Each structure stands twice: as C-alpha cells, then as structure tokens.
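Hey, can you work out the whole structure from these sequences and the hints?
Residue numbers (this note's numbering), protein chains in the order written: chain A, 1 to 79; chain B, 1 to 79; chain C, 1 to 141; chain D, 1 to 141.
Derived by calculation from the structure, the hints in this document are not laboratory data.
Watch out, some of these pointers could steer you wrong.
[As the list claims (entries may be wrong)] Think about it this way: if two alpha-carbon atoms lie no more than 30 angstroms apart in a straight line, the pair counts; the simulated DSSO-like pairs of lysine-lysine are:
id	chain 1	residue 1	chain 2	residue 2
1	C	Lys-2	C	Lys-26
2	D	Lys-26	B	Lys-3
3	C	Lys-65	C	Lys-119
4	D	Lys-26	D	Lys-127
5	C	Lys-73	A	Lys-75
6	D	Lys-119	B	Lys-75
7	D	Lys-127	B	Lys-75
8	D	Lys-26	D	Lys-65
9	B	Lys-3	D	Lys-119
10	C	Lys-119	D	Lys-26
11	C	Lys-73	C	Lys-26
12	D	Lys-26	C	Lys-127
13	D	Lys-119	C	Lys-73
14	C	Lys-26	D	Lys-119
15	B	Lys-75	D	Lys-26
16	A	Lys-3	C	Lys-127
17	B	Lys-3	D	Lys-127
18	C	Lys-26	C	Lys-127
19	A	Lys-75	C	Lys-119
20	C	Lys-65	C	Lys-127
21	A	Lys-75	D	Lys-26
[Unchecked claim] Covered by chain A, per the in silico footprint, the following chain C stretches (three or more residues, Cβ under 8 angstroms):
id	region
22	56–68
23	72–82
24	123–135
[What the hints assert, rightly or not] Some chain D residues near chain C, calculated using beta-carbon distances under 7 angstroms:
id	residue
25	Lys-2
26	Gly-24
27	Phe-34
28	Gly-36
29	Ile-115
As the structure is a prediction and not an experimental result, all values here were calculated from the model.
Glycine is no exception: its CB is placed at the ideal position from the N, C-alpha and C atoms.
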Amino acid sequence: MIKVLFFGPVAERVGASEVQVPFRTGILLQEVRAQLQESHPAAFEIVCFTAVNGEHALDMSLPLADHSEVVFMSKFSGG
Amino acid sequence: MIKVLFFGPVAERVGASEVQVPFRTGILLQEVRAQLQESHPAAFEIVCFTAVNGEHALDMSLPLADHSEVVFMSKFSGG
Amino acid sequence: MKDAVRIQREDFSQDEEVGALRTGSKRMGGIATFTGCARDFSEGREVTQISFDAYGNMALAEMRKLRVEAIAKFELLDARIVHRVGVVGAGEQIVFIAAGAAHRAPALQACHWLIDELKQRVPIWKKEITAQGDEWVTPHP
Amino acid sequence: MKDAVRIQREDFSQDEEVGALRTGSKRMGGIATFTGCARDFSEGREVTQISFDAYGNMALAEMRKLRVEAIAKFELLDARIVHRVGVVGAGEQIVFIAAGAAHRAPALQACHWLIDELKQRVPIWKKEITAQGDEWVTPHP
Chain A
1 MIKVLFFGPV AERVGASEVQ VPFRTGILLQ EVRAQLQESH PAAFEIVCFT
51 AVNGEHALDM SLPLADHSEV VFMSKFSGG
Chain B
1 MIKVLFFGPV AERVGASEVQ VPFRTGILLQ EVRAQLQESH PAAFEIVCFT
51 AVNGEHALDM SLPLADHSEV VFMSKFSGG
Chain C
1 MKDAVRIQRE DFSQDEEVGA LRTGSKRMGG IATFTGCARD FSEGREVTQI
51 SFDAYGNMAL AEMRKLRVEA IAKFELLDAR IVHRVGVVGA GEQIVFIAAG
101 AAHRAPALQA CHWLIDELKQ RVPIWKKEIT AQGDEWVTPH P
Chain D
1 MKDAVRIQRE DFSQDEEVGA LRTGSKRMGG IATFTGCARD FSEGREVTQI
51 SFDAYGNMAL AEMRKLRVEA IAKFELLDAR IVHRVGVVGA GEQIVFIAAG
101 AAHRAPALQA CHWLIDELKQ RVPIWKKEIT AQGDEWVTPH P
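Rendered as structure tokens:
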C-alpha cells in the first residue's frame, strides 16, 4: 500500500486526510497522482508541491517503494 | 549662572559632572565653550555635540539666557 | 530546556525563549525576535479565530533545516523557531523566531530571512474562521 | 501599564513589553524586537560589567521622538523603547526595542532603524569594566 496524505485546503477538497493506493512493483509517482487527480480534480487544481517520505519530490517519474508516504500539497500559508 | 553638565568620558576628563559659568548679558555659547576648553583641553578633544536646554545646538553664536543648561558631549555609545 | 525548534498547540513565552537562547553564549550582543500574531481583520472580513493544519514531521524537519541554514549564513550564536497549530484566537501569538549574534545587524537580518523562508518552505496551512464562514488562506506571492 | 519609552536601572521582561505593545491593537500581525546585551568580550579584553551614564532628560526626549518618528515612517501600530543605565553585568540585557505593525516587513525594518538611530542620537555613554581597568567605549561610525 502507498499512503497518501492531504492537509489543509487539499484535504478539504478531497474530503479526506488520507487515502491508500494499492502498491504494484514499478508504480511511479505520476501514476499515483494521475489516479487521484481523476477522482479529485478540484483538489489537484491547487496542488503545488509533492513530498515522498517527508522530502520534496520534483521528479514525477520517481518509482515508489511499498509503504511510501506521499503528500500532495497546496501553497503553504503558515507563519 | 549658566549650568554646564558633562557626562561619561567628557565628565571623566573634566573631573566633574557639573560646573557653573557666571552669566553676563549677551554671553554666547562659543564663549562658554572657549572658556571651558582652555581649562579642560583634553575633555574638549572628544566633544562632538552641544546641547542647550536639552536641544541640540549647532550654532555656536547662540546667545545664552541666564540659568541655561549647556552640555558638551562626546559621541554617544548607548544601546 | 525546551527544543530550539518546536511545533506545539500551546502558547509560548518570549522571556522563556530569549532566556533559553541566551544561555548558549555571553558573546551574544544582539537578539532579534519576530512574533507573528492572528489579526482580527483580513481582506475586509472580521476574523475570530485561525485554525492551523500542518504536515507535522516534514514541517518540523524543514524548520530544523532553516535554523541550521540561518546559523551558518548569518554566523549566529543560536536561533529558535516555534510555530503553533490547532486553533488560535484573534490577537493571539502564532509563530516566534529568535536569532542571537555577536552584533545587531546579522541578528536582525537572520530574523527577517527566517520568517520569510518559513512562510515559503514549511508545510503549514491556515484557515480563517469568520462569522461569514471559514476560508483557507491563499498566500500572495 | 509602564510607559512605552523608559530609561531605568532595573532589568525588563520581553513578555511584559510585548504584552503591553499588543494591547494597543488586534490588527497587529507582526511584532519585531531587538534586545542588546552586554557581551563578555570586547576588542580582546574580558568585560565583567558595563556602566552607563546618560543625559537623562535629553535621552528620554530623543527616545520619545524616535518612537513617534518610527510610528509615522513605518506605519506602526505601536512601538516601545527601554534602555537601562547604571551597572549591567556581562550577559545581561541593556536595551529593548519593539515594533508592531499590520505586517512583518515594516515591523522588522522599524526595529532595525530604531536601534541604529538610538545609537546615533540618544545621549548615553557606556564604559567597559575589565580586570585591566575601565574604558569608555568609542563608537565606530
């Protein structure tokens, strides 16, 4: 399983703060993103950053390991 | 009488924090300064600013009123 | 002593944070701090509370990186960063930054840099709670 | 509540000063502070204490002018300035500046401007007390 987390405005648009995506060998970050974007288009309109296991991920062709933690994030507004 | 005050390093060089200069009608700031500078040359080496009654005085030809408070000050080092 | 970098629900004390900062060195000639507060007014609406959501682990890791970067970049003697989460009332404190250096200019510059970078780089989101409804804040770049 | 501008022998509390600053307005989004401390080391000599002399009336008047000027120049909601006199031990606090504004940049800029101007314009002098003797500090322009 790949654990996908959402926070703040993205979580609100998804209607959940966490979803599970089934793992398969060789699954790419962009495939997880595409699959979720299809079911939650409004949420992904505001997604600007992606993190994998707590680190910024810029390369969407990154292959994911089983049990990865993926987060799709909107622009930060802390402080 | 004109009250002349000294602070910090100037007071140390004068050896006093206050001296009185006799008032006479028409006495100018520069005359008070010249008189004190003669008796305390080392102190006046470091004098940068002059205040009369709590306000900066730039014009040394200022006539002083009786009971004026004059201060000859070195560069500030507060903060 | 509390950690130099924290995310917490409870309020913080400037005295306690500055005290902790100063224990590190008696060569600290200048300490600059920045405190961000919840304003009661935003874009024409009255804000009663602000609610914060954070990607906690990553936010803390980014804040720790910021501290280390600022110490190196501005030759600080020490720095501290505290950010609250949960619900904060209008007028309450949200975020605290402190930077201590031998002289004043680097302390003040580091403090400004830290709050600017924190807003860009730390995964925390704020929602304004008003009588007219709640709204997630969209940062103006 | 204590005056916003003070010269005093006793130490001050950041919490108390920032608390007093914040009572003025709930529209204060950013508060910047600067605290100047007595360093234990200066130009190669170990400093045990710093002694301050001030032209009290004029110093207070200049600090009050500085506060009013900063509030106008940076559109602050409030500002406070506290300077200690007498003898301050190494590591102790000397001067405190706080500036509160709707947003962070003016608060931080005002704080920097205020401490720079204070050093230029306020008639206070410091003497460093060391094991090798006392010395009045000559400011480097």
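Hints, one by one, checked against the model:
Restraint check for C/Lys-2 and C/Lys-26: satisfied, since their Cα atoms lie roughly 20 angstroms apart, inside the 30 angstroms limit. Between D/Lys-26 and B/Lys-3, the direct Cα distance comes to roughly 47 angstroms. Violation of the 30 angstroms bound is thereby established for this hinted pair. In summary, the hint linking C/Lys-65 to C/Lys-119 is supported, as the alpha carbons are separated by about 14 angstroms, within the 30 angstroms threshold. A threshold of 30 angstroms between alpha carbons decides the hint, and for D/Lys-26 with D/Lys-127 the separation of about 41 angstroms lies outside it, so the pair is violated.
Among the hinted pairs, C/Lys-73 with A/Lys-75 is consistent with the structure: their alpha-carbon atoms are about 25 angstroms apart, no more than 30 angstroms. Pair hint D/Lys-119 plus B/Lys-75 holds up; C-alpha atoms about 9 angstroms apart against a cutoff of 30 angstroms. Restraint check for D/Lys-127 and B/Lys-75: satisfied, since their Cα atoms lie roughly 13 angstroms apart, inside the 30 angstroms limit. For the given pair, D/Lys-26 sits about 25 angstroms from D/Lys-65 by alpha-carbon distance, which is consistent with the 30 angstroms threshold.
This hinted pair checks out: B/Lys-3 and D/Lys-119 have alpha carbons roughly 26 angstroms apart, not beyond 30 angstroms. Taking the CA atoms of C/Lys-119 and D/Lys-26, the gap is near 21 angstroms; set against the 30 angstroms cutoff, the hint holds. A distance of roughly 21 angstroms separates the Cα atoms of C/Lys-73 and C/Lys-26; the hinted pair therefore holds under the 30 angstroms criterion. For a cut-off of 30 angstroms, the pair hint linking D/Lys-26 to C/Lys-127 stands: about 18 angstroms separates their Cα positions.
Restraint check for D/Lys-119 and C/Lys-73: the C-alpha separation of about 26 angstroms stays at or below 30 angstroms, so the hint holds. Using a Cα cut-off of 30 angstroms, the hinted pair C/Lys-26 and D/Lys-119 holds, with the two alpha carbons roughly 21 angstroms apart. Of the pairs offered as hints, the one joining B/Lys-75 and D/Lys-26 is violated, with about 40 angstroms between alpha carbons and a cut-off of 30 angstroms exceeded. The straight-line distance between the Cα atoms of A/Lys-3 and C/Lys-127 is roughly 25 angstroms, inside the 30 angstroms bound, and the hint therefore holds.
Restraint check: the Cα-Cα separation between B/Lys-3 and D/Lys-127 comes to about 25 angstroms, which is no more than 30 angstroms; the hinted pair holds. With a C-alpha separation of about 41 angstroms, the suggested pair C/Lys-26 and C/Lys-127 falls outside the 30 angstroms cut-off, and the hint is violated. Simply put, A/Lys-75 and C/Lys-119 have alpha-carbon atoms about 10 angstroms apart, close enough for the 30 angstroms limit, and the pair holds. Between C/Lys-65 and C/Lys-127 the alpha-carbon distance is near 25 angstroms, which keeps this suggested pair within the 30 angstroms criterion.
For the hint pairing A/Lys-75 with D/Lys-26, the CA-to-CA distance comes to about 26 angstroms; that is within 30 angstroms, so the pair holds. Only residues whose C-beta sits within less than 8 angstroms of a C-beta in chain A count toward coverage, and the region 56–68 of chain C has 4 of them, enough to reach three; the restraint holds. Counting residues of the region 72–82 of chain C whose C-beta lies closer than 8 angstroms to any C-beta of chain A gives 0; at least three are required, and the coverage claim is violated. Using a Cβ-Cβ cut-off of 8 angstroms, 5 residues of the region 123–135 of chain C lie near chain A, which meets the minimum of three, so the contact claim holds.
Hint status for D/Lys-2: violated, given a least beta-carbon distance of 15 angstroms to chain C, over 7 angstroms. For D/Gly-24, the interface hint is violated, since its Cβ never comes within 7 angstroms of a Cβ in chain C; the closest pair sits about 11 angstroms apart. At a threshold of 7 angstroms, the smallest CB-CB gap from D/Phe-34 to chain C is about 5 angstroms, leaving the interface hint in force. With its C-beta approaching chain C no nearer than about 6 angstroms, D/Gly-36 sits inside the 7 angstroms limit, and its interface hint holds.
Hint status for D/Ile-115 relative to chain C: holds, with the closest Cβ pair at about 6 angstroms, below 7 angstroms.
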